[in-house]
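As you go down the protein sequences, you meet chains L and A in turn.
All the letters of the first sequence, read from the start, carry residue numbers 1 to 184 under UniProt numbering.
All the letters of the second sequence, read from the start, carry residue numbers 1 to 298 under UniProt numbering.
Accuracy of the hints is not assured; some may be wrong.
[Unchecked claim] With beta-carbon atoms standing in for the labels, derived distance ranges:
1) L:K178 <-> A:Q23: 33 to 39 Å
2) L:L179 <-> A:E20: 20 to 26 Å
3) A:E8 <-> L:R20: 20 to 26 Å
4) A:R18 <-> L:G159: 20 to 26 Å
5) A:S22 <-> L:S93: 31 to 37 Å
6) A:Q30 <-> L:S93: 39 to 45 Å
7) L:M89 <-> A:Y54: 46 to 52 Å
[What the hints assert, rightly or not] Simulated crosslink set (DSBU-like; lysine-lysine; CA at most 30 Å straight-line):
8) L:K36 <-> A:K260
9) A:K13 <-> A:K3
10) L:K24 <-> L:K36
11) A:K13 <-> L:K181
12) A:K2 <-> L:K36
13) A:K36 <-> A:K24
14) A:K28 <-> L:K24
15) L:K32 <-> A:K36
It should be emphasised that the hints constitute simulated quantities derived from the structure, not laboratory data.
Remember, it's a predicted structure, so these values are computed and weren't measured experimentally.
Even glycine gets a Cβ: it sits at the ideal position worked out from N, Cα and C.
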Amino acid sequence: MTRILSLFTNEYDLARAVQRQDSKAQTRLYEKFASKMLAVCNRYVGDKMEAEDVMIEGFMKIFDKIDQFTFQGSFEGWVRRIMINEALMYVRSKKMIAVDLEYAIEEPNDSAFSTDLEAEDLMRLIDQLPEGYRMVFNLYAIEGYNHQEIGELLGISEGTSKSQLSRARTLLQSKLMKLEKSVI
Amino acid sequence: MKKHPIDELFARKLAEHRQEPSQKAFEKFQARLQEKQTKRRGGVFAINRNWGYYAAAAGVVAALTIGILSQHNPDNGKMAYSGKPTNVETVEKPAAPVNQDSAPAIAGTETGKKVNTVEQMPSAKLTNDIAIAKRIHTPVKTSAIDETTSPIEESTDAIAQNQTEETQHTLLQAETLTGKTAADVETFSDENSSIASKYNIGETVVVVITPIAPGEETLTQPLVETESSVEEKAEKEKSFLAKLYGEYKHFKYGEKVDLKGIGVKDAMAKVDEGLFKEEREDVRDFVQRRIGRIQRRE
């Protein structure tokens, strides 16, 4: 608990310094969060170079909106949400998110899944997903948004969000199994 | 709710996943940051081309504020030394003709410094009595004059410390052409004297004290507002809520409470639920006790 509190205090100190538009603090913020936020952006954008541009824009937005941070909860969480919004805006502006209105006919297997695949391999699997599936899966499975929030963010209905998630899971499961087999 | 195994797997492996950005990305970031800071340094003037209008508006507001404030405070410098109400007018006059005889003497005793000399001249306005204050150089102080000019004496003493031992105190003697005695001057001055307060080293200040006839006192008295009347005025201007809160604070700290004084005749023990619990209980106790007392009295 004490460790969490001290972590927050350090984060808040950094946030306060950024609020003062201290350029050193801004660079420090970049150094602290860039690698994590690039991974987040890349999951949505699907291309590392583009993801870097999105991430930089995200940081600029953070510096603009830093006064809106209320010092309640995690500063990293706040930074992450801005990055996700920026990535979603980018994907939307570049191309329409493919929305498959069909419900998944086949539900993926619920049995526990264990794999020795590295994060990079999993990232590649996500990249191969159709745009719409990828967005919904990222938001639901990794960021922890619910279907209502996803619907509002992407401008789709809750039902569509659910079907996209189900399809994404099925696709990922089949790809994972193929990959596991090829590794063995 | 149990997480789906696929979700759980990806979340576990990717939630904290990191990818190192390239050096090029850092350079881009620095360039954007620089650009942003350059814009900010330009501030409002760079962003907003209409800044001239805003500056003019700010100037007008400042001028109005100064005007209003100066109207609210008409006495300004006069208030500085008016600790009590006075009906004496203070007039500053150039002292050249009066001090002619004494100036060289002082100049001779000092090391290039000028001395502050203050003279007090009482004169009755209505009777056209003219009192001419004449400074004489005498090592002995006249007690009567000494008392009347005590504030001035302090200043001359202070200056005297900077002078050589030869320096003599410059005292005042009032010569009344209409036959007023020194005693009269003393008693009159004790009651009514108002000393011009602003003088600097090197200046000669003559203070002419003019007594006002008894009939005029009532006209001149309201010129100076006492501190107590200012406080009363401020108290009157307080809003009802401010007064009520004040009374509540009195109650909280066990002081005397006067609800009737602020115009509250009756009160209901109803408190907003949104208040903090402690405060709510305090207010409830306060109101109930007051009602109890009012009912007992009636």
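Status of each hint after checking the structure:
At roughly 36 Å, the beta carbons of L:K178 and A:Q23 sit within the given window of 33 to 39 Å. Between L:L179 and A:E20 the CB atoms are about 24 Å apart, so this pair conforms to the stated range of 20 to 26 Å. Taking the beta carbon of each, A:E8 and L:R20 are about 41 Å apart, not inside 20 to 26 Å as hinted. Hint check: A:R18 to L:G159, Cβ distance near 35 Å, so the stated range 20 to 26 Å is violated.
Separation of A:S22 from L:S93 is about 23 Å and departs from the stated range, judged on CB atoms against 31 to 37 Å. Here the CB-CB span from A:Q30 to L:S93 is close to 25 Å, at odds with the stated 39 to 45 Å. Separation of L:M89 from A:Y54 is about 33 Å and departs from the stated range, judged on CB atoms against 46 to 52 Å. At roughly 66 Å between alpha-carbon atoms, L:K36 and A:K260 are farther apart than 30 Å, so this suggested pair is violated.
With a CA separation close to 14 Å, the supplied pair A:K13 and A:K3 stays within the 30 Å bound. As the CA atoms of L:K24 and L:K36 are separated by approximately 20 Å, the hinted pair is consistent with the 30 Å bound. A hinted pair counts as satisfied when its Cα atoms are at most 30 Å apart, and A:K13 with L:K181 qualifies at roughly 20 Å. A C-alpha spacing of about 26 Å is found between A:K2 and L:K36, which places the hinted pair at or below 30 Å, so the restraint holds.
Distance hint between A:K36 and A:K24 is fulfilled; the C-alpha atoms sit about 18 Å from each other, no more than 30 Å. Of the supplied pair hints, the one linking A:K28 and L:K24 holds, its CA atoms being roughly 16 Å apart against a limit of 30 Å. With a C-alpha separation of about 20 Å, the suggested pairing of L:K32 with A:K36 holds against the 30 Å cut-off.
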